[in-house]
Amino acid sequence: MSLAPRARRISLVVPAGGYAVAVTTPEELATYIRQVAAGSDRAAFTQLFQHFAPRIKGFLQKSGATRELAEELAQETLVTLWRKAAQFDPNRASAATWVYTIARNLWVDEHRRTQRSPVDARGETWLEDLPMAEAPRVPEQEVLGEQRQRAVRTALAALSPAQAEVLQRAYFAEQSQSQIASDLRLSLGTVKSRARLALEHLKDLLDGTYL
Amino acid sequence: MITHHPDDESLLAFASGQLDSGRGLLLSVHLDACQQCHRRVQALLSVGGEVLERAQPMELSDEALQRVLQRIEGTAPESKARVGVTSAPAARGLSRLDSCEVSAWRRVAPGMRYRSVLVPHAADGKMFVLGIAPGRSLPKHSHRDLEWTQVISGAFDDGRARFEAGDFDATDGLVRHQPVVTAEAECICLAHLSAPLVFEGWIARTFGRWIGM
Chain A
1 MSLAPRARRI SLVVPAGGYA VAVTTPEELA TYIRQVAAGS DRAAFTQLFQ
51 HFAPRIKGFL QKSGATRELA EELAQETLVT LWRKAAQFDP NRASAATWVY
101 TIARNLWVDE HRRTQRSPVD ARGETWLEDL PMAEAPRVPE QEVLGEQRQR
151 AVRTALAALS PAQAEVLQRA YFAEQSQSQI ASDLRLSLGT VKSRARLALE
201 HLKDLLDGTY L
Chain B
1 MITHHPDDES LLAFASGQLD SGRGLLLSVH LDACQQCHRR VQALLSVGGE
51 VLERAQPMEL SDEALQRVLQ RIEGTAPESK ARVGVTSAPA ARGLSRLDSC
101 EVSAWRRVAP GMRYRSVLVP HAADGKMFVL GIAPGRSLPK HSHRDLEWTQ
151 VISGAFDDGR ARFEAGDFDA TDGLVRHQPV VTAEAECICL AHLSAPLVFE
201 GWIARTFGRW IGM
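Protein sequences, first through last, are from chains A and B.
Heads up: the first sequence begins at 1 in the working numbering, then just goes up one per residue.
Heads up: the second sequence begins at 1 in the working numbering, then just goes up one per residue.
Next up, chain A with everything else stripped away, as it sits in the complex:
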C-alpha cells in the first residue's frame, strides 16, 4: 500500500480497483483509541471506524468469510473496540495489533460456533484476554507496542518475498498449509520449510528483543 504524504491529517488512498480508505498514522490511531476510552469520543471513534472497518472486512473475506459475515464482524469488532477501549495499552500492542486481536477472536468464536459442535454455548474464548489485557510483566523488558510494530514491519520487509508471502498467508484462517501450497503451486514440503525459515529469519531479525 502506498503511503500518503503526512501534510494533511487524513488523506485518502485509492488502491487499484479498491475502495478509498483513510490513511491514519499509527500514533493517531492510538490517540483515537485513548480518546474513546477517556471520553466516549464519537468523532475519534468514527476515525477508527473509517480506518479499520474496511481493512477488517477485507482481511476476513480473505480468511474465507462471506461478504455478509465479514461486514457483520467488522461492525462487531468496532463495537467491541468501543466497549474495551480502556483495555488498550500502547505499551503492549500497537493499535493495529490490538484491533487485529479483537477481530481474530470474533472470527475464531464465530467459526467455532458454526463449524463445530459446541460443547456449550458460553462462547468464551481462550484468546479473550491474551495477551494485550494482561497485567504488566517484567517492566524493564516491556517495549512500546508501536516500537514492536515498527520492528516487525521492518523485519517483514527484510524477509524474502517468498517467505513473507507464506508467513502472511498463515494469518488467513481458511488457508491451511496445503491450501497455501496449492494456491502458490508449491509442494507442501516447500511451504512448510518456507514457513519455518520465515519464522527463524524473523526471530534473527528481531534479535531477542522482541522475540
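Rather than coming from a laboratory, the hints here were simulated on the basis of the structure.
The beta-carbon is built from N, C-alpha and C at its ideal position, and this holds for glycine as well.
Treat the hints loosely; a few may be bogus.
Listed below are several chain A residues computed to face chain B (Cβ distance under 8 Å; list not exhaustive) [said to hold, decoys possible]: (1) P54; (2) A85; (3) L156; (4) L167; (5) Q168; (6) L206.
With the Cβ distance kept under 10 Å, some of the chain A side facing chain B (calculated, not the full set) [unchecked claim]: (7) R104; (8) A155; (9) A195.
Assemble the complex: chain A is given as a structure, and chain B must be docked to it using the hints.
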C-alpha cells in the same frame, strides 16, 4: 526455570487463531508462565496487526457506520479494571480453565488421579488435569497422535528429559515414554490428547476408559 517450550509453528498457530480451543487453552496456560514465549506471541500478533494493516480494504455498506454508532449510543466504554488484575499471570495456574467444566478429582490407580476438562467449543481431543504422586510413574505409553502437556507443579522425568513447573512438552506418534515423577512432590500437569494414548498394561486401559478414550 522453564527449559521446554512450544515450537515456533505452534506459537504462530496460536497467534493466528488456528489452534483448536483445547490446545489454544493449554498454550495460554504456558504463556502465563513463560515470559519468553509470551514475548514471541506478542511479536507474532504484531505480524497479524501488520497483515491487517496491509489487507485489501473492502467497502462497507452505506449504513454500516450509522448502525455501529447507534449500537454504541448511550453506552460508555467499560472501565479498565476487569481482567488480569487479581493475580500475576504466573500465579494464575489453572484459572485459565474457569471457562471449562472441570470435574472433581477422580482416583484412577494408587498415586494417580485426574480431573476431566470440558473445553467450550473444543473440536476434538481430550483435555485433563493429571496428578501423579511423588516417585510414581505413568504407565508406559505411546501416542497415535499428538500429546501436549503443560507442567503446572512438581516435576517428572521421562528418560528424554526432566520437565518442571512451567515446562511444555509435545510428543507425537514416535515417542514411547514412561514419565516418572520426582520424589519431592505430586506432579500436576494439564494434558491435551488429539488421539487416544496407546497404553501398555491394565492400569493404562482402565485410565483410558476413565478419561473416555
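Results for each hint:
Interface hint at P54(A): satisfied, since its Cβ lies 4 Å from the closest Cβ of chain B, which is below the 8 Å cut-off. Annotation: A85(A) was flagged as interfacial toward chain B, and the flag holds, the nearest CB pair being 4 Å apart, inside 8 Å. Against a cut-off of 8 Å between C-beta atoms, the interface hint on L156(A) holds, since the closest Cβ of chain B lies about 6 Å away. Hint status for L167(A) relative to chain B: holds, with the closest Cβ pair at about 7 Å, below 8 Å.
Checking Q168(A) against chain B by beta carbon gives a least distance of about 5 Å; that is within 8 Å, so the hint holds. This hint holds: L206(A) has a C-beta 6 Å from the nearest C-beta of chain B, less than the 8 Å allowed. For R104(A), the suggested interface contact is upheld, since its CB lies about 5 Å from the closest CB of chain B, less than 10 Å. Checking A155(A) against chain B by beta carbon gives a least distance of about 9 Å; that is within 10 Å, so the hint holds.
Interface hint status for A195(A): upheld, as the beta-carbon distance to the closest one in chain B is roughly 7 Å, under 10 Å.
Comparing the model with each earlier hint shows no violations; every hint is respected.
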